[in-house]
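Asks: Make the full structure from the sequences, and use the hints.
Heads up: the sequence lines are chains P and W, in that order. With positions in the first sequence counted from 1, the corresponding number in the numbering used here is that position plus 3. With positions in the second sequence counted from 1, the corresponding number in the numbering used here is that position plus 82.
No lab work stands behind these hints: they were computed from the structure. What you are looking at is a predicted structure, and each value in this text was computed from that prediction instead of being measured.
Restricting the straight-line Cα-Cα distance to at most 27 Å, the calculated cross-link-like pairs of lysine-lysine (BS3-like) are:
hint, chain 1, residue 1, chain 2, residue 2
1, W, Lys394, W, Lys428
2, W, Lys130, P, Lys180
3, W, Lys527, W, Lys376
4, P, Lys41, P, Lys25
5, W, Lys418, P, Lys16
6, P, Lys167, W, Lys202
7, P, Lys176, W, Lys88
8, W, Lys84, P, Lys104
9, P, Lys133, P, Lys65
10, W, Lys130, P, Lys104
11, P, Lys167, W, Lys145
12, P, Lys176, W, Lys130
13, W, Lys418, P, Lys176
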Amino acid sequence: MVTNDDISDFIQKIPPTSKILKETIHLLNIGDLTKAAKIAQEDLALKSYLKNIVNKPIYGFKNEVNDVSQIFGILGISQSQQTVYNYMINLLNPSKWLLFKLNENSFHELQAQLSAKWSIILQHLKIGNKDIHSSIALLPASIIVTEALFCKYIDDVNLLRNTKALDYNTILKRLCKLSLFDICEKISIEWEMDKIIPTILQSSSGLIISDDEKINTLGKWMHLLLFYELSQTTFVEANLNDFIDFQIDYVEDIYEDFTNIMQMDK
Amino acid sequence: MKPSVKNGVALFSPQGFLDSNNNSAFLSIDDIDATLKLKVDMVLVSMKKVIFFNRNGLDIFIKLFIRLRKHTQTIVGFCDYNHKKYESIKKFYKDDINFSLFRTVEIAHLFSSNFKEENKSILLYSSDKHQRSAMAIELHNNGHNPIIMQTSNEFESKKQDSDKYDYIIYDTYIGEMGNKIISRVRGNAIIYTVLSYLDTNISDNFNLAYHQNSLNVGFRLFIFDAYKVTSMNIHALNFFAKLASSGAEYNATICFAGLTFDKTPKIFKENLEDSGILFYEQMDDILENKKLLKELGGSSSANIKTIRSINKKSVVELPRFINATVATIEMMTNSKAIKEAAEVHKIEVENKENKIASSIGYYGDIDGMVILVFPIDIAKKACELLIGESTDDMELILDTLAELVNIVGGKIKTLLSNDDVKVDITLPRTYQNIDSLLEVVEDKKGVQVDLSFNDNKFLFFLTR
Numbered sequence: 004m005v006t007n008d009d010i011s012d013f014i015q016k017i018p019p020t021s022k023i024l025k026e027t028i029h030l031l032n033i034g035d036l037t038k039a040a041k042i043a044q045e046d047l048a049l050k051s052y053l054k055n056i057v058n059k060p061i062y063g064f065k066n067e068v069n070d071v072s073q074i075f076g077i078l079g080i081s082q083s084q085q086t087v088y089n090y091m092i093n094l095l096n097p098s099k100w101l102l103f104k105l106n107e108n109s110f111h112e113l114q115a116q117l118s119a120k121w122s123i124i125l126q127h128l129k130i131g132n133k134d135i136h137s138s139i140a141l142l143p144a145s146i147i148v149t150e151a152l153f154c155k156y157i158d159d160v161n162l163l164r165n166t167k168a169l170d171y172n173t174i175l176k177r178l179c180k181l182s183l184f185d186i187c188e189k190i191s192i193e194w195e196m197d198k199i200i201p202t203i204l205q206s207s208s209g210l211i212i213s214d215d216e217k218i219n220t221l222g223k224w225m226h227l228l229l230f231y232e233l234s235q236t237t238f239v240e241a242n243l244n245d246f247i248d249f250q251i252d253y254v255e256d257i258y259e260d261f262t263n264i265m266q267m268d269k
Numbered sequence: 083m084k085p086s087v088k089n090g091v092a093l094f095s096p097q098g099f100l101d102s103n104n105n106s107a108f109l110s111i112d113d114i115d116a117t118l119k120l121k122v123d124m125v126l127v128s129m130k131k132v133i134f135f136n137r138n139g140l141d142i143f144i145k146l147f148i149r150l151r152k153h154t155q156t157i158v159g160f161c162d163y164n165h166k167k168y169e170s171i172k173k174f175y176k177d178d179i180n181f182s183l184f185r186t187v188e189i190a191h192l193f194s195s196n197f198k199e200e201n202k203s204i205l206l207y208s209s210d211k212h213q214r215s216a217m218a219i220e221l222h223n224n225g226h227n228p229i230i231m232q233t234s235n236e237f238e239s240k241k242q243d244s245d246k247y248d249y250i251i252y253d254t255y256i257g258e259m260g261n262k263i264i265s266r267v268r269g270n271a272i273i274y275t276v277l278s279y280l281d282t283n284i285s286d287n288f289n290l291a292y293h294q295n296s297l298n299v300g301f302r303l304f305i306f307d308a309y310k311v312t313s314m315n316i317h318a319l320n321f322f323a324k325l326a327s328s329g330a331e332y333n334a335t336i337c338f339a340g341l342t343f344d345k346t347p348k349i350f351k352e353n354l355e356d357s358g359i360l361f362y363e364q365m366d367d368i369l370e371n372k373k374l375l376k377e378l379g380g381s382s383s384a385n386i387k388t389i390r391s392i393n394k395k396s397v398v399e400l401p402r403f404i405n406a407t408v409a410t411i412e413m414m415t416n417s418k419a420i421k422e423a424a425e426v427h428k429i430e431v432e433n434k435e436n437k438i439a440s441s442i443g444y445y446g447d448i449d450g451m452v453i454l455v456f457p458i459d460i461a462k463k464a465c466e467l468l469i470g471e472s473t474d475d476m477e478l479i480l481d482t483l484a485e486l487v488n489i490v491g492g493k494i495k496t497l498l499s500n501d502d503v504k505v506d507i508t509l510p511r512t513y514q515n516i517d518s519l520l521e522v523v524e525d526k527k528g529v530q531v532d533l534s535f536n537d538n539k540f541l542f543f544l545t546r
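Replies: Shown next, in the form of structure tokens:
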């Protein structure tokens, strides 16, 4: 089963951020969208990803958007940074999904849905901080980490889960004393993401209650948003519904607000 | 989605939102077919982690329940909900509730024929008097002591002293129950509870596979708790006579406790006695008489007349058995195993102190039994993944060890099926000390493989 060596291997294989990505993020950080777009379009894979994501129906653009400066202009600083982070997480994507029935498209769809709905939530909470906007990008990394660590042990995991309904995070924590979210935190450190991003992510596990009430509230919204998305047909069929434990009590006080916002969104 | 299976209960655990958009995604055709093939007493859906649901969302599970009831006697329903969810489910299906609702999965276990414990003190309330009675009867038949509250006020007042009761049942509804004959284990004896008039249906309601498995794993005394039997016909008589003769190979004893012959022909008793079946007026006449219990095979399981030894078929598959065991223990302990020796002889356990054991049988294209002997420390370590923490609670360790051996059995089954060798596995059995294990297997020859995990000795024994 998964060992600490498997985790170390995974962490070592996290690709370093390229010069272009670093520069793009730096320019987005200082609010220079024009220069950021100019730099970003030099990375053809990033350019293609941005086009792919922004033209998904969830963004609601009538005409196809092709130009990076146009994309950044439409998204604004916060969402542009969030989308570039989404791209970085996407670099960790496996060439073939084995544990979960996902593919590049369905994973992009999950990223897009989470990002768009997170923006709606932050609008409702009247939060404009761009790093908080970007924090949602790290959440799907937990799925990639699970796939990477457990894909070699599918039969063992199935046998274990046939006997006891253990989620992947619990299995990992009991075996290696590290959670999926701890590993995601390591990714964020490796990629020099703002510190608030892994802090919100840890809180969104529903297992670590932050002393900072603001972080705690954001964690609750992110936790509920994740399970809202993981209850969609595509992701239930991908076996993602129970990949981590849903902490129903943790989100109880925001549930009414959440459903109102999501219904308004429909 | 696949259910987890424990103690004869298959449990689905969906999370999040259950509505018409996603309901079919939770159960594919393969999931439904696999569930229909499960040999379980109950199939339940846990609502613990469902934050929103509507009738459309539950309908896919209701369809599964209907198919299960059509094919089997499985008890079906929902569990792990709060009062609000309970009321919602009852409202959705008010005219058509054929399934059961158990407030917690632990309460559901009390109604399962595979529940291992008995004599639990249970405070019980339902506003529906028919439900109150039905639940009380089921609980009583399963060997528990239900204390029934007639009014809500009375219940609320008693509920304050929750420490006095092992379980408190409310917000629970029993729909169509199974007709399976309830079995429970008392020491080395298995007790089956039979009720009312016994006729040809007994062969459908008696779990013959479970009985056979119990024989395979070393049980020798089977007692039919027949206090509530009014009478029986010739079909039931034939059934018991056949059961007695098939058990003779294992030197098993079958007894009836509490059976009266007021309405049953006396000749039936003579016929059954000719088949080797014994009759006692009271259950305690057997269970409280240690000398008699020993004679009947209920205190040990050693007196087997037909000793079956390991055969070539099993030896050919031996590497698979060892691989399955080693892989599972390695998986659970995250440590590497070293094979030290493999020999054919009777089981030899050095230093019996601080060791526990577990066994699981398999039957089908080949048959036999795998026995694992663990130093307690390794057993604890291996169980930590399932329990989540280190524990010294021996009951919990043995219970978890049974789950672990079940995983080993599952792995053996998978590895053999890859080679088109089809087997089923029995329920696992655990032994708190090596002496109780030796009572079952000390005369049997088999393959003993000594393994070492982090310098701790671990023993694998394959026999028939």
